[in-house]
Amino acid sequence: SAVISQKPSRDICQRGTSLTIQCQVDSQVTMMFWYRQQPGQSLTLIATANQGSEATYESGFVIDKFPISRPNLTFSTLTVSNMSPEDSSIYLCSVEGWGQGKINYGYTFGSGTRLTVV
Amino acid sequence: SQELEQSPQSLIVQEGKNLTINCTSSKTLYGLYWYKQKYGEGLIFLMMLQKGGEEKSHEKITAKLDEKKQQSSLHITASQPSHAGIYLCGADNSDKLIFGTGTRLQVFP
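Sequence lines, in order, name chains A and B.
Numbering of the first sequence is given in my numbering, commencing with residue 1 and proceeding in unit increments.
Numbering of the second sequence is given in my numbering, commencing with residue 1 and proceeding in unit increments.
Careful: at least some of the hints might be erroneous.
[Stated by the list, open to error] Not the full set, but computed from the structure, chain B residues with beta-carbon under 10 Å of chain A:
# : residue
1 : L4
2 : P8
3 : E41
4 : L43
5 : I44
Don't read these hints as lab results, they were simulated from the structure.
C-beta atoms are modelled at their ideal positions from N, C-alpha and C, and glycine is treated no differently.
Isolated chain A (complex conformation):
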């Protein structure tokens, strides 16, 4: 299955600033996904990123707040803009884990970025 490198692993940011999170995959993938996990909560999908097109955002998430880039089939970034303390969460990227012979390894996740906004 794919291996994902996500960075930074954690950051503490001042309110009003922006943070860009990077996600690098060791193989080419069509779709990449970005999730948010608020403290004590489950994961909520922010958007789906396809290479060569604009990301598709879920209800409650907008491009101005969470701009996403997908310049190629192995890389994506998520920016959290104009941050407030309510943005303090873990942010995770994910890809669909199809291996050789269409064996489904499930969706693979990065190790996450723990963001604290002060």
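Use these hints to put chain B onto chain A, whose structure you have.
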């Protein structure tokens, strides 16, 4: 939109005891995933179920999908402290994965 409800929300068991976590969907499940998350870490893929009545096991963890494909259960036999964490069910929904509400498991000696 599809919603996944997990029960219980949290579970505290003594080492060696068996336990079951349930995941109920508001719509038919076409792919049901179980993940484990250690506190503050990434997700570990456990199992995927697709067919009604399907059951899979790995070590001491067994997952089942009911015949109607609207409910799944995760059963842990003889729990150990290493089983502690957050268990999440996830459903394939139009080529994306949505998650259940999560179950926090603590295992004490």
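- Hints that the structure is at odds with (numbers, increasing): Structure breaks hint 2 only.
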